[in-house]
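Protein chains in written order, with my numbering: chain Y, 1 to 337; chain A, 1 to 337.
Read the hints as simulated data drawn from the structure, not as lab findings. Worth double-checking, as some hints may not be accurate.
Simulated DEER-style distance windows between Cβ atoms [stated by the list, open to error]:
1) A227/Y / D230/A: 57 to 63 Å
2) Q51/Y / R251/A: 31 to 37 Å
3) T52/Y / P152/A: 20 to 26 Å
Examples of chain A residues toward chain Y, derived with CB under 10 Å [said to hold, decoys possible]:
4) K4
5) A9
6) T52
7) D80
8) G85
9) A103
10) A111
11) S120
12) A131
13) I187
14) S299
15) G311
16) P316
17) I328
Glycine included, C-beta positions come from ideal geometry on N, C-alpha and C.
2 protein chains.
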Amino acid sequence: MCIKRLGSATVSLSSPPVITAAAAIGGKKEGQGPLRDCFDRIIDDAYCGCQTWEQAESALLRQAFDLCCGKAQLSAAALDYLFAGDLLAQCVSSSFALRDVPAPCFGLYGACSTIIEGLSLAAMAIDGGYADHCAAMTSSHFCSAERQFRLPLEYGGQRSPVTQWTVTGAAALILSAQGTGPAVTYITTGRIVDAGIKDAGNMGAAMAPAACETLTAHFHDTGRRPADYDAIITGDLGRVGHGILMDLCKREGLDLGKNCTDCGILIFDPREQDVHAGGSGCGCCASVLAGYIVPNIISGKWKRVLVAATGALLSPTTALQGESIPGICHAVALEGR
Amino acid sequence: MCIKRLGSATVSLSSPPVITAAAAIGGKKEGQGPLRDCFDRIIDDAYCGCQTWEQAESALLRQAFDLCCGKAQLSAAALDYLFAGDLLAQCVSSSFALRDVPAPCFGLYGACSTIIEGLSLAAMAIDGGYADHCAAMTSSHFCSAERQFRLPLEYGGQRSPVTQWTVTGAAALILSAQGTGPAVTYITTGRIVDAGIKDAGNMGAAMAPAACETLTAHFHDTGRRPADYDAIITGDLGRVGHGILMDLCKREGLDLGKNCTDCGILIFDPREQDVHAGGSGCGCCASVLAGYIVPNIISGKWKRVLVAATGALLSPTTALQGESIPGICHAVALEGR
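Please work from the sequences and hints to get the whole structure.
Written out as structure tokens, the structure is:
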């Protein structure tokens, strides 16, 4: 077995790349939530000055990418690889956002796990000696996602209590071989787990089994315990999925402890905001990571954080055909200096 | 700049990983074409024994993956990473095909460039020391793709002469650190290029500019010339896109020569098969690579081949909104021992 592998799902990085810049943009609702001060920019207009919600989502992503390059003081052409994806069919938010960016681009599909999938591949590209600087980015938009995956917004359908609210937001991270910032030390990559959930309104239940498997693999492969982390943050199980995850992990003998929370829980205030089980969408974990987790590591509040992003591999076509919704979860360990 | 980078778009592999196994499955039409003997299996039933075309596509992919593992004499659990994606919204062909496979999975979206995107990332994962064995795979299906991207099949719409025929097929490759087979020596990763084409029936024109840019970058970065390759094979520009590519490259001072052809041209016979401009779809380049290119390198017919897979980043939603269709092209150099 090659030397950087620790087990079936985890690799360690010999020269851990660092997140040298991060930028997050949120929509109006996100700007009214508990993390309102964590966004670099809040866009109140759901159309973001564009003509369609798809264009708006793409514009948010491009703004986040441009802001991030500015913070890193790098031109887009200085990036060796971009890793990008989103929820829209055929990942058009990313494709359109990056269509005039002069850097090689790997398109990803990991649903809401995309930001950690991108960060994982970017870290391997840098530590492996193929790149000095990479960007990982993703986006989601309540309006473009809801009408694609569930119902036309104009229909005004009643939402069940277990549903989550797709975050309108985008975030970009720049990972570099040198520099200061949180380092990516371990990468635990998930497999596709299908627990048989068929309710397209209950993403938390569909994703929690994948999160349990990836977290269990991470602790098994690294020999670490949950207490070794100042925070274990999943994204985006929401309140329902988080509860299921805690139960599933206990059955596996893994007590995640009080430091475990979820981006979908952090981003909205359930008392003030009518979001049912919490936030979801690629932009949820990505913007919480860029705007909240990374700054808290830089400030020294947290030394070690495990971020485990979950994705529900849902398609409206197959959901209508009666298929179940597979889930996936990718995790990275981030460590301050 | 890190030592493995040769230029803005290309990296070289210090210990080139090798394609130790490859498997291709085709549909009925593919089994009647010039490459009929290159497929490991031909499935005449468009439903592949399933109830929907989406399930059928997923079944083709799973069969290709299982066949490939069998050829490599590896269990799926011995694979360190899977790299998979497809054309269906939210990449469900891959997700469903791999939902009980016990190996970490990175989901990709590169449209018809997916197999080379996967091979590129797999090669970096192995050469970088993160994996011993990886699989790259993808699929497409005429019926699931046409109804998703264009018109219901029942409508029986007239197809324009520039359209391509989406290949029903799937292929999987296993890349390993050790073993015999064609080695991946250079990886040239494309950027997103948007030439402003808005005709969802003319994929070749949408993708040719990206192919021109990636090939130009490859020869610039490596210092190689087209004559250094026994074959330069794009996938899947078809006849229309191939002609545009040759013209665009000539304008850049790059004569691709007579050894340049395209998977979309190779897979069907235009005199016998009514496919207009040729084949397309993720399964086109993937099955031609697995069933034709790899065996020709192993047999010694070709020593060095440049495979440049093109993807049209088309979404039915944005096409109807009047947006253009960005393209991308990823290339790898394959070399016999």
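To test your reading of the hints: which numbers does this structure violate? Of the numbered hints given earlier, the structure breaks just one, which is hint 14.
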